[in-house]
Every structure is written in structure tokens, then in C-alpha cells.
Amino acid sequence: MLIKRREFLQIGSLASTSLMLPKFLKAFERRNLVPSGSKVLVVLQLSGGNDGLNTVIPIRNDIYYSSRPHLGIEKDKALTLTDEVGLHPALTSFRDLYADGSLGILHSVGYPNPDRSHFRSMDIWQTASDSDHYVNNGWLGRYLDAQCQGCEKPTQALEIDDVLSLALKGDRMKGIALKDPKRLHDNSHVKYFGDLISAHTDSEQPVDYLYKMMAETLSAADYIFEQSRLRPSSAQYPATELGKNFHTIASLIFSEINTKVYYVSLGSFDTHVNQQAQQQRLFAELNDAVSAFVTDLKTNHRFDDVLLMTFSEFGRRVSQNASGGTDHGTANNMFLVSGGLKEKGLINPLPDLSNLDQGDLKYQVDFKNIYGTVLKNWLNADDLKILGRNSDYLRFV
Amino acid sequence: MAINNQLKNQHLLWRAGFGPMAENANALATASQQSFLNALEKASSKTPGYIDVAGNMLQGLAMGVGDIASLQKSEMSADQKKQIRKQSQQDIKNLNLAWLNEMVNSDAQLREKTSLFWHGHFASRNLNIFYQQLLLDIIRKNALGNFSDLLFGVSKSAAMINFLNNNQNKKDHPNENFAREVMELFTLGRGHYSENDVKEAARAFTGWGANLQGDFVFRRFQHDEGSKSFLGKTGNFDGDDILSILLEQKQTANHIAGKIYRYFVDDSLDEARANWLGERFYQSNYDIKALIRDIFSSEWFYEERHIGSRIKSPVDLIVGIRRTLPMKIENQEAQLLVQRVLGQLLFYPPNVAGWPGGTNWIDSSTLMFRLRIPQIIYEADEFEMKPKDDDDQMMGMKEKEENQGGFKNPGKRGGGQMIRAEINWDTYFKKFEGLRREDLFSAISRALLQTKSMFNENVLSSDMDLSSRESFIKTATIQLMSTPEYQMC
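Protein sequence lines correspond, in order, to chains D and E. Going by my numbering, the final residue of the first sequence carries number 397, and the count climbs one at a time with no gaps. Going by my numbering, the final residue of the second sequence carries number 489, and the count climbs one at a time with no gaps.
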């Protein structure tokens, strides 16, 4: 049997000629694809442990200001949301989203027995495991496993990066990482790879797994590239890395690709030293990119279908340190951005700074419940199977 | 195709080491597996030297202050501390490259390959170069010795004690991290102990710490002297007692033997063989060398289904290429980038459970990058790959790291990375001397690939340079190394 050879050729030729196909054939070609108007999740990972208390600021809390005599952001500098709460001054577009009813903020999100190593805590967030379990697959990878039985193209989840995160690695299925659809296409469209695939016959040996992965990658690279040129966004995005990444995501969302999940990162938020300047710079990049992305989605009437969710592997300690920064902490806040939120604004109470665990916030919401909510209510997936646990659902979607 | 003697010998050399060296080509076809195994054992019988890369500045400081992890508490200025951390981080890179060179050049292949197994089994992340060096030394010295010595050595190493928080494990505030992992990962495996065993073992390990120089210390006043109940036994146990009780459990021998089987033979465990190995490992009082000999001298190790069935780890791949094609790499650090992109950076395991291996190595990015590596080396191709940041390693200094640029191509603004290497082809050509032109391709395939499927020369001929015998050998080699088949061993 020629492994995937026939499927591969079919997908390849259809994809490259799809612009010339009559409409009814196009519909046939895409019979497995999601109908437009269906929901998309964009996960934005703030790597390095973003300082949540200087992101969403308790502007009337004395403990906050006394714990952070230098780093605390003064009330009149913060962007006011309510009498109690302000945003970091760089996050102007998030203030507008708040006013618009398109921003949800979750406070005190974390998990029991928190780990303060970046790598380990990121593992826990990406695998959705308990902190004393080691799991080799990610929550979005398991989403692919559950959703994508018999999928020809593992393009349901894409990461905009050179290297794939554990979050998108399933047991059987793995998402695809790409920095740029054209580069992925050019790198895989090497004649030699095509020669190899056409020469390979199924050997019923472990090497077949690699051929399958290779054939899928090549076909996905074609498909993603064609889709990215279908309706490329013509909007202006900032010339930052995150800006470019959101531009790529928007162009794919406007196409008819079957992708349900996009994953993208920004960092490093590991602000032990000189936090003010570093967070300011990263937030400016975040703010401008999200602003352009939301405007673009609105213009194209897709803002109600897209949920942007941010997270970081941990928050930081309540008190500042001696180097103008903060050290690794525990619970943190998350942003939810969408035109389709059912609960918006400040979804749960601010963290209680008078009730700390050795200088750290106590978590109130287990992040796995947020994943469960998004999987079930937004992506329409079997969250129990994917997370292996019953979730206490929230109501934001 | 038939399993001939050459394939079996190459199978042994790939599993017990990092593949054949360009020089030992001739013996491969004729010598017996037993003679290769004897040679491997003999070459690995010497005690290895201590790999010491710590920079002079740090050596000096070690005499005085010593500890990098507890710098916060010392009197040094912020600048000094920063410099020391940076130096330590640089030295860990050098340690990585120095060990990698050992894997490539050392005759003690069996020792280095087994050490790489233990490096993943006793996985520890630590930013202190001295702790890392000491732990690697314990592992390399005991890799083929007695598992009991290895377990005690690792458990009392500063690297592990710090990584698993045993310095914070005190009488009135037990920290269970070390006690849990020593059972779950290092000895019994999950499901063979209770939560209460974890609690009681943690009490026994109270007071185990490490000092600034990386020596083990027992802090009597922090030790819980009360009676503990552990795995059905009761007594005033200390940490040594717990490790001894763990070694008394046959399950420990079974767990280790099973894991060794999966590393050296096949990802999917054969229960009967693992039990047989475990039983003998236990009877031999945990003689690692005997366990490994049991595997490599068995008939089943050479069965067709085990040959070419394993996906090479990134380190296997890099080291294997360098052994087959001797080369001088100008920008050694490029190898670290390759390790990071492919998901196995030595001294930075993903967590205490080590690298999961097998199909976990492979996704679309890592596979396509693997297939490009030979070309990247041969043609000095530029490539653009940015690995994930590791914030534990950067310690808030990401910006500075990036500006240093590392191994970017200096010629081009914002250009990609390169591996600048010079391959010594002459040694490699000798392998194929005297062969007829029409037999060359299949000889090269047989030397490079362990899989059953073999390529038809015509399929790849359009990608090869036929202008001379030398360029044919070169391009055929590079093309065959750029196949999925070459990822297997």
C-alpha cells in the first residue's frame, strides 16, 4: 500500500487549484471543514510569569501599595475600570474592550500545590495535569485526539511559532507550528521530500509513523498556504512579532481553513529586575497587536466567533523585591476577549491581599475549570474525555 | 532484506553506543556480535575522568563563597551575582558540549550511552555548574557499576537535594518532594507505595542537605528522630534506611530493568523478558553491567523486529552523524540550538521524569528540521529556527541573551543561523574503497540505515551529484541521512 500517497496527491492538487474550481466542487472539497461562523479559540501565552497585580491593579488597596512602595502603580496613573480596579497604563485597548463589554477578567486563577519553576509550572498549565503528575501530552493535543479521528489534515490546532509547544501535542495527533505560511510551504516543498514519499511503501515498521507525519505535514503546508492567500487581511498591524503573528492568525480566520485553535506566545515576563520598563514594553506590544486584531475581526464580522484567552504560568509575589522587580508567585489573572462573552467585566472578586499564603495569592479558580468551560461551551468538545476530570463550569461562554 | 552480520553489529553499536565510527567499517561485516560486545565492555571498564569546565572565576569563588543558589544571602553586589550566574550558565553550556564530545570520540561508548540513560532517569535541573558537574560525575562513574551505589550517590548529590527541595525538608515542616520522586521515578514506579509511605519516607529524609561546596550534610537538629512505618516496616529510619528498604523490594529491580529494556531494546515492553531481566538484576544485587550484558548477549535482542525500530533521540542523532562523518565544527554552540529545537537539551530535562522519548520526539517541526540537518551541515545552509525560551535558564535576562546573537550568520542582517563545519571525507571514503560503482549506493545505504526498507538508487538519483565517485558518495550519504529511515536505529 502506498502510504498516504493517494490522499496526499489529492489534497495537494485540490489545494493548489482550488481557486479555479467551480463552487460546487469547492463545497465538495471542503466537506470536512467547519462551516464559517463557527467558534475559534486563540490562546495567548504570556511566558515568564506575568505580574498580575500590576496588570489588573487594586487601586484602593493599602496592602498593595505598602507591599510595593516603588513598583506599585499609582491610582491616577492606572486606567480606571471601577472605583477599585485599574489597568496597567499601557493597556489602553483593554480598557476600551472593557467599556465595550468585550473583556472578561478572571482573578486568582491557579492550581493546588503551585510550582515556582517556570518550566514545571508551564508544563502543568499546558498539560492540565495536577502538580504532582507528569503528563506527556497537552490539553489542546488531547482536544485534537478527541476531535480529529480520521482527520486528513491535522490543522485543527496551529501554533504561530517555529517550535511546537507541549500544549498542542496529543497522543496520536499533533498540532502544527508555523511562523509564516509561506515559509512552511517553501521549506516543505522540496522536491526531495516528494520523491521520498512517492518511493515509500508501507513497511509495517515504526518508520511508517515518520512517513505519515511527513505526508501530513506536506499536505498541511500546502493547505495552510493556500488558505492564507484566500482572504489575506489587508488591515494594518504593528510591525512587532506579536503584531505579525496576529496578522497571520486573522488571515487564516478569514479563510475557510478548518482551524479551531491558534496558539501564540509573548515574553519574557520574568521581571526579577527592572520590572517597570520590561512590562511596559511587552504590554505596549500586546496592547497594539490586540487592538489591531480586534478591529480587524470587527470589520470582518468575526469578533463574536473568536475568543482570545491569555494566561501565564504563574503570577508574582505580592511584595516587590530589592532589584526593582518581583519574584515568582502563584495565582494570577486571565483576560478573555470576545464579542461573544456571556459574562464580562470583572467576573470574580479581586484577590484578597490580607489572606496570603506566605506572601503569595491563594488561588480561587482552578485553571482546569476554565479549560473545561472553553472546551465544552466554546469548542463543543468532550471536556471530560480531554481533561479526565469533571469541571466546575464557569459561565463566561 | 536479510538480517546479515553487518546489520546486527550496527544494531549493537547503535543501541550500546552512538553508532559505528567511520574507522570500524571493515570489521562490521565479519566480526561476531560477541567480539564487538567484549570490545565495548573492555573500552568502558576504565573509570572515567571528571569533566571539569567551571571557569576560573567561579573556581576562585567556590573556594570562598561557593554557592550560586544561595547568592541572594551573600554580601556580593548585584553585579557580581549577575556575572556569576551568567558564568555558571555559560559553563553548563560548555559542560554540555564537553560531554557531547565524549559521546562522539570516546571508546567508552557503552558507558556514555548508559550514562545518558541515567541522565534522563535521574533528571535534575540546576543552574549551579558545580552541582551539575558533580552529578554527571556520579552518574558516569557508576553508570555500569552497582545501582545501589548510584542511587545513594545521586540521592546525596547537591544537585538532586536542591532540585527536589530536600534542603527544605525539616522536622516540623516536611517537604515530600524528594521522598515522592525517589519512589515514583527512581525506584519502585507509580502504584507500588501509598501516600502514607511518602509521608513517612519524607520524615526519614529530614535533615538531608547539601552545603555550599556541594557536599552532602546531615543536619541532625532538623532530623525527625521519631518512629516511622514504611512499606510494612517500622523503626527509627533515616534516609539511608529508606533507600535500603527500597532496594530490598523486587519491584525496584523490575522497574529499573523494564525501563532499561525500553531504552536499549524497544519502546513497547515485553513483560516476560523484563521480568526475567528484573529477577536476574535482583539476584545479582543490582549489577548494572550484568543486566546490560544480559540484554546484548541475548538472541532476542537481534530479532528483526527490534532492528531499526527506535526513533533516535536528538542526542543520538547529532552524535551519530558526527561519528559517521568526522567533522570539525567551528561554532560548537550551534549544537545546543539543534538540541533545543529538537527537544533534548542536556542538563535541562523537561521535568524530573526525564525525556519521554519515542514518538514524543516527533512533530511536524522537529521531523522536518531533522530531515534538513545533514544538508544544513553539508551545504552550510542557513536556517531560521527559534527555539522556545527557557525562563528558568534565562533568569530574567532574555533581552541580553538575544542581543549577543550566538551563532547567527554575521554576513547577513537578521540572517538565519548556520552550522559551520568541515567534514573530513577522506576517512569516510576509505569505507567504500575498492567497491564497484554499481555497488556503491547499496553499500552506503547498508552503512547508514537500520530499517528494513531500502531505497532504489533511481528514486534519489536526481538529487545526487554523479559527476565523480567522490561527489556521488558525498551526496548519496547526505541524501540518505536526510530520510525518515535515518531517524531510526
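It is worth saying that the hints were derived from the structure and are not from the lab. Keep in mind that a hint or two might mislead.
What the hints assert, rightly or not - Simulated restraints on C-beta separations: (1) E/Gly416 x D/His301: 48 to 54 Å; (2) D/Gln364 x E/His306: 48 to 54 Å; (3) D/Gly359 x E/Lys233: 36 to 42 Å; (4) D/Asn274 x E/Asn211: 31 to 37 Å; (5) E/Asn211 x D/Asp62: 38 to 44 Å; (6) D/Tyr393 x E/Ser227: 42 to 48 Å; (7) D/Leu384 x E/Glu379: 16 to 22 Å; (8) D/Asn321 x E/Asn211: 24 to 30 Å; (9) E/Thr427 x D/Leu384: 45 to 51 Å; (10) E/Glu379 x D/Gln364: 52 to 58 Å; (11) E/Lys171 x D/Gln364: 44 to 50 Å; (12) D/Gly324 x E/Asn211: 45 to 51 Å; (13) D/Leu384 x E/Arg305: 52 to 58 Å.
Unchecked claim - Derived DSSO-like pairs (lysine-lysine); straight-line CA-CA distance at most 30 Å: (14) E/Lys170 x D/Lys362; (15) D/Lys244 x E/Lys388; (16) D/Lys191 x D/Lys39.
Said to hold, decoys possible - Okay, the calculated bits of chain D under chain E, using three or more residues with CB under 8 Å as the criterion: (17) 122 to 134; (18) 155 to 164; (19) 251 to 261; (20) 351 to 363.
Since we're looking at a predicted model, the values are computed, not measured. For every residue, glycine included, the Cβ atom is placed at its ideal position computed from N, Cα and C.
Which hint numbers doesn't this structure obey? Violated hints (numbers, rising): 1, 7, 9, 11, 12, 13, 16, 19, 20; every other hint is consistent with the structure.
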